Structure formats: structure tokens, C-alpha cells
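Peer 1: Sequence:
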Amino acid sequence: MRITERILTAFVVIIMVGLVLVPTAQVIMRGVFVLPFIGAEEFTRFLLICLVFCAYPLVVQNGENIVMGEFKAAMPARLRGIVNWSISIGAIAATGFLAYVTATNISRNLANATPTLGIPFWIFLGATLFGFAGAALVHLLHLRKPPQADTNIAV
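The numbers in the numbering used here rise by one with no breaks, and the one at position 67 of the sequence shown is 67.
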């Protein structure tokens with residue numbers, strides 16, 4: 001595992017730990033101390049969004065995204081290669097376009113923030129931009145040898 005992949009994995013794990021701890025702290029604060037944990041719901045949503053989008057490049061890197069392997073395994077090798085190439089080109093186009101749209105939205109909403117905690121809107125969308133741009137890059141790198149081409153599926 002490369003260093004960048006390890007760093008991103010560690011970051012995603014930290015986000016996941018936070019995603020467990022924040023609601024747990026809210027339950028304890030309300031149940032034991034009868035004190036509200038103001039902004040816990042908003043912060044939990046924030047962590048969930050960050051978790052999903054920051055982990056997306058890791059999913060693509062490891063070939064864990066949906067590839068309909070059984071259907072492709074039934075195809076002739078040449079057709080399977082064309083399908084894999086088409087999927088990679090489509091994924092690059094889709095994730096690249098979504099990264100562009102997200103970057104445009106960030107630039108138009110720099111002054112906005114969440115209502116309770118005041119988390120800047122660009123942080124939410126920053127995770128989205130990171131996820132889609134990272135996935136586009138990984139799909140581009142996989143264009144030479146898609147991970148789904150390596151799977152051995154018994155038919």
C-alpha cells in the first residue's frame with residue numbers, strides 16, 4: 001500500500017471513529033447528564049458526508065465498486081475488454097464532470113455556512129470535490145489496467 005493510500009485510509013478511519021463517538025456522546029450527554037449536545041446532528045451529518053466522499057477514491061483504487069463481474073465474465077474476452085475500457089472512460093468523464101461542478105459550486109458559495117455550528121459550506125463540498133477528483137484520477141490510472149479485468153470469476 002502506497003503512503004498516500006495509507007494516509008487517506010488513516011484519515012477515513014479517524015472520520016469513522018468520530019462518526020461513532022459523536023452520536024454516542026450525544027446519547028450520554030442527554031441520558032446521563034440531561035444536557036443537550038448542541039450541533040451533534042449537524043456534525044454527524046458532516047462526518048458522514050466526509051466519510052463517504054473521502055473513502056470513494058479508496059473504493060475505486062481497490063476495485064470494490066460495482067462492476068457486474070458475473071455478467072462481464074460471460075462475455076467473450078474481446079467484448080469484455082471493450083466493456084472495461086468503456087466503463088473506465090465513462091467513469092473518468094462522470095467523476096471529472098462532478099468534480100468540476102462541485103468546484104464551481106464551492107467558488108459560488110464561499111460565504112455560506114451551516115446554521116448551528118457555522119461549518120463553512122466549502123468544507124462539505126471540499127470532501128465531495130476531493131472524492132470525485134480523486135476517483136477521476138484513479139480511474140484514469142486504471143485505464144491502463146482496470147482492476148476488474150484481474151478478477152477471476154467462476155461461471
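Each hint should be verified, as a subset may be incorrect.
FRET-style restraints, in silico, Cβ to Cβ [stated by the list, open to error]:
#, residue 1, residue 2, range
1, ASN62, ILE28, 32 to 38 Å
2, VAL20, PHE97, 31 to 37 Å
3, VAL101, LEU48, 53 to 59 Å
4, ASN65, PHE121, 42 to 48 Å
5, ARG80, PHE33, 55 to 61 Å
6, PHE37, PHE97, 46 to 52 Å
7, VAL13, LEU117, 49 to 55 Å
8, PRO115, ILE82, 34 to 40 Å
9, LEU48, ALA74, 50 to 56 Å
10, ALA94, VAL17, 27 to 33 Å
11, GLY69, VAL13, 26 to 32 Å
12, VAL17, LEU117, 27 to 33 Å
13, ARG80, VAL32, 53 to 59 Å
Hints in this document: simulated from the structure, not taken from any laboratory.
Note that the structure is a prediction, hence the values are computed from the model and not measured.
All C-beta atoms in this analysis are idealised placements derived from N, C-alpha and C, irrespective of residue type, glycine included.
Peer 1: Return the numbers of the hints above that this structure violates; sort them in rising order.
Peer 2: Violated hints (numbers, rising): 3, 4, 6, 7, 8, 9, 12; every other hint is consistent with the structure.
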